[in-house]
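Asks: Chains as they are written, first to last, in the working numbering: chain A, 1 to 229; chain B, 230 to 280.
Keep in mind the hints are simulated off the structure, nothing from the lab.
Take the hints with a grain of salt, since some may be wrong.
Distance ranges between label pairs, derived from CB positions [unchecked claim]: (1) B:Trp271 <-> A:Leu193: 16 to 22 Å; (2) A:Pro4 <-> B:Gly257: 28 to 34 Å; (3) A:Gln180 <-> B:Arg276: 17 to 23 Å; (4) A:Thr176 <-> B:Arg246: 20 to 26 Å; (5) A:Thr216 <-> B:Trp274: 15 to 21 Å; (6) B:Leu268 <-> A:Pro30: 30 to 36 Å; (7) A:Pro179 <-> B:Trp271: 34 to 40 Å; (8) B:Trp271 <-> A:Thr216: 31 to 37 Å; (9) A:Trp164 <-> B:Arg276: 45 to 51 Å; (10) B:Arg246 <-> A:Trp22: 42 to 48 Å.
Positions of the beta carbon are idealized from the N, C-alpha and C atoms, including for glycine.
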Amino acid sequence: MSKPLRIGFVLLALALLVSGAWIGLAWAPPDREMGHVQRIMYMHVPSAWMALLAATMNFGTCVAYLWKASWKKDAFAEATAEVGLLFGTIAILLGAIWGRPTWGVYWAWDPRLTTMAILLVAYAGYLALRRFVDDPDRRAVWSAVVGIIIAVDVPVVYFSVKWWKSLHQVQSTPKTVDPQMVLALRWNAFAFLAVLIIFLVARYRIALASRMRETTVPDAPSGAREAVV
Amino acid sequence: MNTLNLVLAAIGDGRIRGGWGYVWTAYGIAWTGLSLYALSLWARWPREERK
Chain A
1 MSKPLRIGFV LLALALLVSG AWIGLAWAPP DREMGHVQRI MYMHVPSAWM ALLAATMNFG
61 TCVAYLWKAS WKKDAFAEAT AEVGLLFGTI AILLGAIWGR PTWGVYWAWD PRLTTMAILL
121 VAYAGYLALR RFVDDPDRRA VWSAVVGIII AVDVPVVYFS VKWWKSLHQV QSTPKTVDPQ
181 MVLALRWNAF AFLAVLIIFL VARYRIALAS RMRETTVPDA PSGAREAVV
Chain B
230 MNTLNLVLAA IGDGRIRGGW GYVWTAYGIA WTGLSLYALS LWARWPREER K
């Protein structure tokens, strides 16, 4: 991608974020019961979606790495884990703030909250593992296996509100909410998607450059060096 | 009757009023989190690609 195109995409993401905030804060109507605090949804839900999307991409990349090793796949897996952890942390923090006026508490050991917290702790562990293992080949294989194990929690997070009727509400559909709210949510979802793409590409390039530096030193394992094309 | 009115007033109508403080805090955390992460990416960007 050329530099002007990259700058254009970053500006587009910023414009989507700013306009999305305006739509969520000023244009969308307040909820009948929750009033203005429901506006937190326009940041909380897209963050959670992006976290689950990044986790799904991490799973796919980990499987692809074990199928055919390459530093590019390893670098992308690292990027998806870190960026997913960022969006997941934002989602859980915003959910806690939303919970205080609506549930009366910042935190409850609700199945959705608990499974999401487990997912975040697991990705923090995944990133810690990557830091502790010096051998790039071993690190890539181990983290790919751990990434696949963590992914078991992703569908559990998504379906937790359906499997266990609990404090957290079930997923809304466009049929159950005001059309203005649907538009505000979708707009912010696309804004967060644009930010996710930018973060993933940037973090991938950082990770790949790091792999290149590691594997060009004379005593580095050569397993996947040839696979970087 | 007075007591009943007092109880009903304390319960309210079940609707949340105000709450903008929560909204601004949530949006602030989201924007700050994304901005700080963008800054961390810029700080970690490979030197060879900056040139």
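Asks: Indicate, hint by hint, whether the structure satisfies it.
Replies: Here is what the structure says about each hint:
1. B:Trp271 <-> A:Leu193: 16 to 22 Å: Check passed, 21 Å falls within 16 to 22 Å.
2. A:Pro4 <-> B:Gly257: 28 to 34 Å: 32 Å Cβ-Cβ, so the 28 to 34 Å window holds.
3. A:Gln180 <-> B:Arg276: 17 to 23 Å: violated (47 Å)
4. A:Thr176 <-> B:Arg246: 20 to 26 Å: holds (23 Å)
5. A:Thr216 <-> B:Trp274: 15 to 21 Å: Cβ of Thr216 of chain A to Cβ of Trp274 of chain B: about 19 Å, so the range 15 to 21 Å holds.
6. B:Leu268 <-> A:Pro30: 30 to 36 Å: holds (33 Å)
7. A:Pro179 <-> B:Trp271: 34 to 40 Å: holds (39 Å)
8. B:Trp271 <-> A:Thr216: 31 to 37 Å: violated (24 Å)
9. A:Trp164 <-> B:Arg276: 45 to 51 Å: holds (50 Å)
10. B:Arg246 <-> A:Trp22: 42 to 48 Å: Between Arg246 of chain B and Trp22 of chain A, where Cβ atoms are some 23 Å apart, the hint is violated.
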